[in-house]
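Visitor: Next come the chains, spelled out residue by residue.
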Amino acid sequence: MEHIDHLKVFETKIEQDINIEAKDWMPDDYRKHLIRQISQHAHSEVIGMQPEGNWITRAPSLRAKKILLAKIQDEGGHGLYLYSAAETLGIGRDELIQQLHDGKAKYSNIFNYPSLTWADIGAIGWLVDGAAIVNQVSLQRTSYGPYSRAMVRICKEESFHQRQGYEIMAKMMAGTAAQREMAQDAMNRWWWPALMMFGPHDTDSPHTGNAVKWKIKRQSNDTLRQKFIDKTVQQAEVIGLTIPDPDLKWNEEKKSYDHGEINWNEFREVINGNGPCNRQRMSNHIKAHEEGEWVRKAASAYSNKQKLRVSQ
Amino acid sequence: MTHQEALLTLTLRLGDDPLILGHRLGEWCSKAPILEEDLALTNMALDLIGRAEVILRYAAEVEGKGQTEDDLAYRRGERRFYNHLLVEQPNGNFANTIARQLFISAYESFYYTELMNSKDATLSAIAHKAIKEIKYHLKHASDWTIRLGDGTEESHHKMQEAINELWMYTGELFETDDIDEQMSESGIAPLPAELFGKWKSLMIDILSEAKLSLPDEGFMQTGSRQGVHTEYLGYILADMQYLQRAYPDAKW
Amino acid sequence: MENVKDTQWPIWEVFIQSQPGTPYKHAGSVHGSDKEIAMQNARDTYFRRNEGTSIWLVPTDCIIASNPDDAEMFFDPSNDKAYRHPTFYTMPEGALNI
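As they're listed, the protein sequences go chains A, B and C.
For the first sequence, numbering that gives the first Met the number 0 assigns the number 0 to the initial residue and increments by one for each residue that follows.
For the second sequence, numbering that gives the first Met the number 0 assigns the number 0 to the initial residue and increments by one for each residue that follows.
For the third sequence, numbering that gives the first Met the number 0 assigns the number 0 to the initial residue and increments by one for each residue that follows.
The hints are simulated quantities; they were obtained by calculation from the structure and are not laboratory data.
Heads up, some of the hints might be wrong.
Said to hold, decoys possible - Facing chain A, from chain C, some residues (calculated, C-beta under 7 Å): (1) Ser28; (2) Thr44; (3) Ala64; (4) Pro67; (5) Asp68.
Claimed, not checked - Pair ranges (Cβ atoms, derived): (6) Arg62/A <-> His2/B: 27 to 37 Å; (7) Arg278/A <-> Arg48/C: 28 to 38 Å; (8) Lys212/A <-> Lys128/B: 48 to 58 Å.
As the list claims (entries may be wrong) - BS3-like cross-link-like pairs, simulated, lysine-lysine; straight-line CA separation at most 30 Å: (9) Lys134/B <-> Lys306/A; (10) Lys105/A <-> Lys230/A; (11) Lys138/B <-> Lys65/A; (12) Lys65/A <-> Lys250/B; (13) Lys138/B <-> Lys286/A; (14) Lys103/A <-> Lys4/C; (15) Lys155/A <-> Lys34/C; (16) Lys214/A <-> Lys226/A; (17) Lys34/C <-> Lys138/B; (18) Lys214/A <-> Lys24/C; (19) Lys80/C <-> Lys65/A; (20) Lys306/A <-> Lys138/B; (21) Lys230/A <-> Lys250/B; (22) Lys34/C <-> Lys199/B; (23) Lys199/B <-> Lys304/A; (24) Lys199/B <-> Lys210/B; (25) Lys138/B <-> Lys210/B; (26) Lys22/A <-> Lys80/C; (27) Lys230/A <-> Lys306/A; (28) Lys131/B <-> Lys199/B.
These figures come from a predicted structure and were not determined experimentally.
The beta carbon of each residue, even a glycine, is placed where N, CA and C say it ideally should be.
Full structure from sequences and hints, please.
Guide: Shown next, in the form of structure tokens:
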């Protein structure tokens with residue numbers, strides 16, 4: 000039997016931009032990195048349902064309510080696609096959820112901030128989804144097939160999310176003084192956390208090396224962050240919102256914006272559990288999971304009984 | 000009562016049920032027993048709010064005072080809401096939500112089948128679209144009723160309890176007053192009372208497959224046809240109408 | 000029966016036909032406790048945007064996949080058989096409908 004140099008086959012595929020598929024041989028660290036990244040991504044989608052869900056019952060029109068429900072449902076669907084992608088790597092959703100509850104798996108820091116007014120729903124759609132989509136568009140070309148395909152589907156579905164958020168902001172900026180104040184306040188509170196979503200500067204990012212080598216990650220944190228800033232500043236200006244960064248200015252030479260320093264201390268504190276909503280988000284998730292246990296078991300028990308009845 | 004007044008009350012009754020039930024189902028978002036069910040409950044909520052929107056838009060048109068569907072949903076006082084008491088009941092545990100859905104979707108499946116034949120072209124068109132959604136809601140609710148009823152001992156107990164607790168709100172579904180008579184005589188809407196037999200026999204079929212028992216007829220709550228509700232509705236509206244009431248000049 | 004384990008239920012692969020007559024295409028997977036629940040879950044997950052008109056569901060553990068290590072012997076031998084493709088043949092000029 001001819002010996003196959005699996006590592007070489009793997010590396011050649013990566014080099015030639017050929018996707019790695021579930022049954023292909025892959026280095027353990029590649030698998031581990033993917034499970035960590037994809038599950039973190041999935042958890043983010045699911046936990047991200049909470050800050051927006053906070054406004055479903057208070058959405059100010061029937062149209063707004065339908066849009067918000069559909070959008071949050073999409074986030075749930077995207078979590079589901081991503082869990083599925085992670086499951087192809089040989090880990091169950093049960094275990095992934097357990098890791099989240101045990102604090103072993105993370106989710107995006109941004110969802111540890113509260114959504115306080117209706118304008119926050121606008122800011123989340125426009126800024127948070129806007130930042131996420133910059134990352135996700137880049138991830139469509141990620142090297143792992145199931146992850147890449149999930150991202151393609153997600154990007155297609157998410158294209159309306161940012162627009163609905165921006166529409167809310169635009170409407171409020173064209174509205175009453177109270178609405179404009181609410182919109183600017185939301186902008187002030189969400190801008191910096193949105194920038195933090197791209198993660199630490201490239202020089203401080205511990206996972207970037209392998210992820211880039213294996214083409215899991217196609218563009219660096221700082222590159223993606225810059226892309227987001229450059230497209231968002233103009234959108235803010237059009238509707239009259241001020242970016243809460245006094246150091247923000249156009250750099251003619253590099254043809255993009257320079258921005259002020261991000262508060263990395265706050266970033267670390269929130270990651271370590273000290274954000275305004277960390278405990279609330281996690282305890283809601285655990286509560287729903289625990290309260291659902293009897294339902295999941297009932298369905299399994301019913302299925303077992305049916306199988307027995309058929310076999311008898 | 001003039002034809003227009005009767006039609007307005009009818010359309011408000013028909014619009015308020017999906018409005019309030021859709022609101023309730025929306026409260027499940029991110030809290031369902033499994034992710035797939037979260038999406039399913041939201042799909043139902045979206046169907047319902049979509050239906051509320053078109054029916055209330057028609058109600059506003061019938062009223063003829065230049066109001067919109069949003070004015071009717073967000074600026075109307077509690078005593079002028081006419082949804083059935085059943086749909087404003089809290090989500091409770093998953094069994095409560097399923098029992099509520101089973102009762103109302105079964106009722107609606109018969110009501111809207113008749114409504115498709117309405118001489119009112121708008122209501123007939125609405126019913127043609129809604130019936131497809133309702134059939135799916137009913138299938139979802141009955142499949143779950145059967146799984147919970149015939150699942151574990153715990154789920155059987157919870158499902159039976161939910162059926163028993165909500166039972167006293169089912170009588171109201173079949174109440175028939177002068178407005179229903181008038182609408183029925185004009186060929187616009189069915190008489191709710193005439194749907195009871197079919198509804199009950201469907202309940203007997205589903206509950207027996209689920210190994211659950213049908214409660215005795217017993218005492219039935221009433222009031223929504225006069226706009227008299229349980230305390231729960233006030234809180235639903237307080238949430239729902241908050242922004243529109245706090246910022247009356249704002250457009251969202 | 001009462002000692003049933005709490006799980007996220009078995010996984011099912013979902014195939015979607017986007018319109019009658021077209022082939023079924025893999026869309027992704029869902030969890031479902033039995034085939035009816037899985038079918039509804041597939042519908043509620045993959046048909047939020049009018050994606051199609053028909054669903055096939057297959058329990059994931061029933062999928063048989065080819066072994067990647069066999070890829071060369073399985074698939075390469077067919078890439079030198081150009082005569083299986085219509086463009087391989089030279090047709091006399093002026094011949095129609097062929």
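Visitor: Does each hint fit the structure? Answer for all of them.
Guide: Hints, one by one, checked against the model:
A cut of 7 Å between beta carbons decides the hint on Ser28/C: the least distance to chain A is about 5 Å, and the hint holds. At a threshold of 7 Å, the smallest CB-CB gap from Thr44/C to chain A is about 6 Å, leaving the interface hint in force. Because the smallest distance between the Cβ of Ala64/C and any Cβ of chain A comes to about 5 Å, under 7 Å, the interface hint for this residue holds. Because the closest C-beta pair between Pro67/C and chain A is about 5 Å apart, less than 7 Å, the hint holds.
About 6 Å separates the beta-carbon of Asp68/C from the nearest beta-carbon of chain A, less than 7 Å, and the hint is met. Taken as a hint, the range 27 to 37 Å holds for the pair Arg62/A and His2/B, whose Cβ atoms sit roughly 30 Å apart. At roughly 35 Å, the beta-carbon separation of Arg278/A and Arg48/C lies within the given 28 to 38 Å, and the hint holds. Range check, Lys212/A to Lys128/B: about 54 Å between beta-carbon atoms, so the 48 to 58 Å window is met.
At roughly 27 Å between alpha-carbon atoms, Lys134/B and Lys306/A fall within 30 Å of each other, so this suggested pair holds. Note on Lys105/A and Lys230/A: the hinted pairing holds, with a Cα-Cα distance of about 28 Å set against a maximum of 30 Å. Among the hinted pairs, Lys138/B with Lys65/A is consistent with the structure: their alpha-carbon atoms are about 23 Å apart, no more than 30 Å. Using a Cα cut-off of 30 Å, the hinted pair Lys65/A and Lys250/B holds, with the two alpha carbons roughly 17 Å apart.
Simply put, Lys138/B and Lys286/A have alpha-carbon atoms about 28 Å apart, close enough for the 30 Å limit, and the pair holds. For the hint linking Lys103/A to Lys4/C, the alpha-carbon distance of about 23 Å falls within 30 Å, and the restraint holds. Straight-line distance between C-alpha atoms of Lys155/A and Lys34/C comes to about 28 Å, which keeps the hinted pair within the 30 Å bound. Proximity of Lys214/A to Lys226/A is assessed by CA-CA distance (about 19 Å); at most 30 Å being required, the pair is judged to hold.
Of the supplied pair hints, the one linking Lys34/C and Lys138/B holds, its CA atoms being roughly 14 Å apart against a limit of 30 Å. Under the criterion of a C-alpha separation no larger than 30 Å, the hint pairing Lys214/A with Lys24/C is consistent with the structure, at around 27 Å. A hinted pair counts as satisfied when its Cα atoms are at most 30 Å apart, and Lys80/C with Lys65/A does not qualify at roughly 55 Å. Taking the CA atoms of Lys306/A and Lys138/B, the gap is near 21 Å; set against the 30 Å cutoff, the hint holds.
Distance hint between Lys230/A and Lys250/B is fulfilled; the C-alpha atoms sit about 27 Å from each other, no more than 30 Å. This hinted pair checks out: Lys34/C and Lys199/B have alpha carbons roughly 28 Å apart, not beyond 30 Å. For the given pair, Lys199/B sits about 27 Å from Lys304/A by alpha-carbon distance, which is consistent with the 30 Å threshold. With a C-alpha separation of about 16 Å, the suggested pairing of Lys199/B with Lys210/B holds against the 30 Å cut-off.
Simply put, Lys138/B and Lys210/B have alpha-carbon atoms about 17 Å apart, close enough for the 30 Å limit, and the pair holds. With a C-alpha separation of about 28 Å, the suggested pair Lys22/A and Lys80/C falls inside the 30 Å cut-off, and the hint holds. At most 30 Å may separate the alpha-carbon atoms for a hinted pair to count; Lys230/A and Lys306/A exceed this at roughly 56 Å. Using a Cα cut-off of 30 Å, the hinted pair Lys131/B and Lys199/B holds, with the two alpha carbons roughly 21 Å apart.
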